[in-house]
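J.: Let chain A serve as the given structure and place chain B on it in line with the hints.
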Amino acid sequence: MFNHLLSLLIWLPVVGAIPVLLAGSARPNLARWLSLLVAVLTFVVSLFLLVQYDPSGPVIQLVESHLWIASWGVHYGLAVDGISVALIVMTTFVGVLVIAGAWEVIQDKPHQYMAAMLILEGLLIGVFCATDALLFYALFEAILIPMFILIGVWGGPRRVYATLKFFIYTFFGSVFMLIALLYLYQKAHTFDLATLAALPLSFTEQAWIFFAFLIAFAIKVPMVPVHTWLPDAHVEAPTGGSVVLAAVMLKVGTYGMLRFILPIVPDAGAHFAWLVIVLSLVAIVYIGYVALVQEDMKKLVAYSSVAHMGFVTLGIFIAFMLVRDQGRTDMAMLGMQGAMVQMISHGFVSGAMFTCIGVMYDRMHTRLIKDYGGVINAMPWFGFFYVLFAMANCGLPGTSGFVGEFMVILASFTANPWVSLFAAFTLIIGAGYTLWLVKRVLWGAITNPHVAEMKEINARETLVLAGFAAAVLALGIWPQPLVHLMDSSVSQLVQQLAIHKI
Amino acid sequence: MPTLNDILILLPEFYLVAAACVLLLLDAFMKPAQRPLLHWLSIAVLLVAIYLVMAVPPSQALTAFGGMFVRDGVAEILKVFALGTTAMVFVYARPYLIDRKLVGGEFYTLMIFAVLGIMLLVSAGNLVTVYLGLELLSLSSYALVALNRDARLPPEAAIKYFVLGALASGMLLYGMSMVYGASGMGGTPTLDLAQLHNVMSYTTAPTLLLFGLVFMIVGIGFKLGAAPFHMWIPDVYQGAPTPVTTFIASGSKLAAFGMAYRLLDAGMGDLAQHWQLMLAVLAVASLAIGNLVAIVQTNLKRMLAYSTISHMGYLLLGLSAAGPEGYAAAMFYAICYALMGVAAFGVMMAMTRAGFECEEIADLKGLNQKSPWMAFLMLLAMFSLAGVPPLFGFWAKVLVLEAAIHANMLWLAIVGIVFAIIGLYYYLYVVKVMYFDKPVEGGAAQVQADRPLRLVLSLNALSLLALGLYWGPLLAWCRRAFGL
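Here the protein sequences line up with chains A and B, keeping their order.
First residue of the first sequence: 1, per the numbering used here; consecutive thereafter.
First residue of the second sequence: 1, per the numbering used here; consecutive thereafter.
Any given hint could turn out to be false.
Which residues of chain A face chain B? A few of them, derived with a C-beta cut under 7 angstroms, are [what the hints assert, rightly or not]:
hint	residue
1	169
2	171
3	182
Each pair of labels, with its calculated beta carbon distance range [stated by the list, open to error]:
hint	chain 1	residue 1	chain 2	residue 2	range
4	A	40	B	472	49 to 55 angstroms
5	A	289	B	324	55 to 61 angstroms
6	A	199	B	41	57 to 63 angstroms
The set of hints was computed from the structure by calculation and includes no laboratory data.
Beta carbons are placed, not taken as given, at the ideal position from N, Cα and C, and that holds for glycine.
Isolated chain A, as found in the complex (with noise of 0.2 angstroms):
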C-alpha cells in the first residue's frame, strides 16, 4: 500500500465520486453519506503520508514512476518533499470540513455537488505530487472543471458570469506555460521535472519562459493586476466553492512557482525578481485599502486573500534577493519558511472565514455587511469562532495568521528596510479591514429585525468550524512542526534558485 500512497490519495477521492454519483438525485443522503465517507478515508490515507514522509530522509519521498507515453518519454511520475505533504494533508482536511460543511445547504442535486469536490480534491492532490511537467500541467488545467461546475450550477445569481470569467482566465494564463514547457521539451526530450531543472539555459530563453511560467501562475495565486477573477468567483460560489478556492487553489499558483520557476529559470527568477516583489507589496498594501472598502463580506475576505498571498509571493522572491545580492541563505531560507507557513496558515484561514460567511448566507440569504449588526446577540457561539477566525486574518500572535507574516517581514527587512515597511502596512491595513468587518457584523445592537431570529450554529457547523479553529490554532502557537517538516524541502529549493544555469 505505501508503494502507491499517493496513486491512493488521488485515485480515492475520483472513484469515490463515481459510486456519490451513482446514488443519483433520489437518495440524496446516501450521497453525503458515501462522500464524506471517501472524504474521511482520503484524510486518514493522508495521516499515513504524514507518518510515512521522513523530514530527516532525503527531500524527495515516496517516488512513484510509470511510462506513461511511450513514445514521449513522459512519465506518471509522483513524488512529495515537505512541502507537498503539508499541502497535501491540508487538501485532505479542508476536503473533510467542506462536505460537512454542505449537509443540508446543498439540496439541489446534492450526489453531483458532493462528486464535483471529491474530483477537484483527487486532482489537486495530484498537482502537489507530479513530477513530470506534462502530468502536473494537465491536473493544473483539468481542476477547473470541477470548479467551473461547482460555480456555475450552485453559485450565486451572477454565477454564469463569474465562473465563465473564472475558467476563460485561468485557462488564458495557462497556455503561454504549455508553449514553454513544449519549448522545454524540444531542448531537454523531458517533461521530467528533475532533468529540467538541470538544463542550462540562456538568459534570453529563460526571460520568455520565466514570463510564460509568471503569467500561469500569477493569475492563479491570483496577483495584482490579474487579480479581478477572484472577487467574482469567490462572490458568486457556494460557500464550499469559496473554500476550496481560498483555501487550496489559490496554493496551486505558489506552488507552480516553488516548482516550475525556481528551479527552471533562476537566473530569470533573480533577474526580475524585483517586480514580482513589487506587485507582492502593491497585493499587499492597495489590495489591503481596497478589501477596506468592500460592502459584500465575501468580496472584503477575496481581497485579503489577495493581500496575503502576497506575502507568499513576496516570501519567495525576496528569497533571490537575499541569496543573490547578499548572500544570506539563512535570511533566505527564513523567508521561503514563512511564505510556506503562510500558504498553509491562508489555506485554514480563508476557508474558515468563508465559511463563517457562509453559515450567516444560509440564514440570512444575504452577504452584505449593512444587513447585519450585533449578530453576536443571536449567535455567542459564531461570534466566538468568528472573532478567532478575524484575529487570525490580521496576523495576531498565537494564531497560524503571524507566523508566516512574521517571518516573512523579518527576511525581507534584511534584504531591504523598505520592502519590509510596506509589508509590515498589513498589520494595520488587515487590522483595519478586519475588526471593521467584525464590528459591522458582530457588535453593536440588532438593527436589522432578521438578525434576531438567525439560529446558533447546530451541532455539524459547530464541528467545521471547531475543525478550522484547531488547526489555526496549532499552527499558531506550535508552527514548530511544520516548518520541521519543510525543513528539508525549502533548504533544496534555497540552493536550486542560487545555481546559476547559463
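T.: Positioned in the frame of chain A, the structure of chain B alone reads:
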C-alpha cells in the same frame, strides 16, 4: 494485367463494393417488414471490412495495379477509423431516420459507397486514384445531404455543396493537369505520386509546378473545409440530416487528411518548403474564422461547423510541420476530431424525436436536470473539443503544437494557442446551457434514444476520457505508420 496479388491487396475494397451491391439488391427485394434487418446488416458489413483491413497488417507498404493503389500503415489506420466512425453513425442514425421516414437502403448504400471513396482516397498512389476516390466520396455525399428531399434546407445545402464541390474538384483537376504537364518537361510525364516525387528535382518548369500545387491545395483546402475555402461547411452542416453531417464531420475529415498527405507528402514532398507556408496561412485563417464566427452562432450544428473549421486549422498546424512527426500528430488530430465530432452529433441525434429536431443550442437547456448522463457525455465532448485536459482533445492539440514548434514555427503554435483560448468560450457556453440553465417547458432536451444508441454513444464519449488518460498506444500506432 492485374494479378491475384493485386486483388488480394484490394480485398477490403472489393468486398465493400460487393457488399454494397448486395445491400442494394436486398433493399429492393426485401419485404417491408424485414427492412430493419438492413440496418444490422450494414453495420455488420462495416465491421467485417474493419476486420479485413486489420487482418493482414502491412509490414511494409504494398502497392497494387502498378502503383495506383497503396496499402500502408497510414491507409490502414485511416480506413479503420473511417469504417468505425461510420458504423457508429449507423447506430446513432437509426432512431433519427425512423422518425423522419428516411430509413431505407439508399442511406446505407450511399454511406458505404462514400466510405469506399474514403478508402480509395487514403490509399491513392496515383493522381487518378486520388480523383476517383474523391469523386466517389463527394458524389455520394451530395446525394446523402439531399436525403430528406422534401424539407426546405437539405436540397439547398446539397446544391451549394455540389456547386462548390464541383468547382473545387475542377480546381484540383486543373492543378493536377499542370503538375502532369510539368512532370513531362523533365522526362516522361507521369501521374504516379511516387514518381512525381522524383520528377520535382529535375523538372525545368518550377513555375508551372508551383501553380499546379496552388490549385491542388485549393482542392485539399475545400475538402478539409479550411478557410478561405470553408463557405460550404456551415450551410451543409446545418442543412444535411444530422447523421450525414456526422459523417461529413468524421469520416470525411479523415479522408481529407489522407488526401492531403498523399498529394503533399508522397507527390509534392520536394516542394515542402513552398506548401508549408501555404498551409500555415490556411491554418491561421481557419483558426481565426472558425473560432471567431462560432462564438455568435445560436444553432448548434452551425456552431459545430465553425468549430470544425477551427479544428482543421489545428490539423493543418501538424501538416505544415511537413515531417513524419507532424503527419503523425495531424493524423492523431484527425482521429481525435472524428471521435469528438461523432460524440457531439451523437448526443444531438439521441435527443431528436419525431417532430422535434435538436439543433439549437437553446434546445439543450437544463439537460442536466432531465438526463444527467446525456449531459455528462456532451460535457465530455465539449471539453474535449475545447482542448481541456485530461480529455483526448487536449493531447491532440498538444501534439500538433509540439509538431509546429519542432518545425521551428513557434509563432504558429502561439497563434494556435491564442485561438484555443478564444474558442474555449463557445464550448463552455454549451456546458453552461446544459448545466446552469433551467429546462424550458415544451419538449426540448428529452432523450428518446434506443438502447444500442445509448450504449455506443456512452462508449464513444467515455473513450474521449479513456484516451485522454492513456493515449500512448494510439500515438505509437500513428507514429509507426509514418516510420517513427
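J.: The hint names residue 182(A) as touching chain B; please verify it with the least Cβ-Cβ distance against 7 angstroms.
T.: It holds, given that the least Cβ distance between residue 182(A) and chain B is near 5 angstroms, below 7 angstroms.
J.: Do the Cβ positions of residue 289(A) and residue 324(B) conform to the proposed distance bound of 55 to 61 angstroms?
T.: holds (58 angstroms)
J.: Does residue 169(A) pass the interface check with chain B, least Cβ-Cβ distance below 7 angstroms?
T.: With Cβ-Cβ at 10 angstroms, over 7 angstroms, it is violated.
J.: So the hint says 57 to 63 angstroms: do the beta-carbon atoms of residue 199(A) and residue 41(B) match that?
T.: With Cβ atoms ~58 angstroms apart, the hint holds.
J.: Identify whether the interface hint at residue 171(A) stands, where standing means a beta carbon of chain B within less than 7 angstroms of its own.
T.: holds (6 angstroms)
J.: Just tell me: holds or violated, for the beta carbon distance of residue 40(A) and residue 472(B) against 49 to 55 angstroms?
T.: violated (35 angstroms)
Checked against the numbered hints given earlier, this structure breaks hints 1 and 4; the rest are met.
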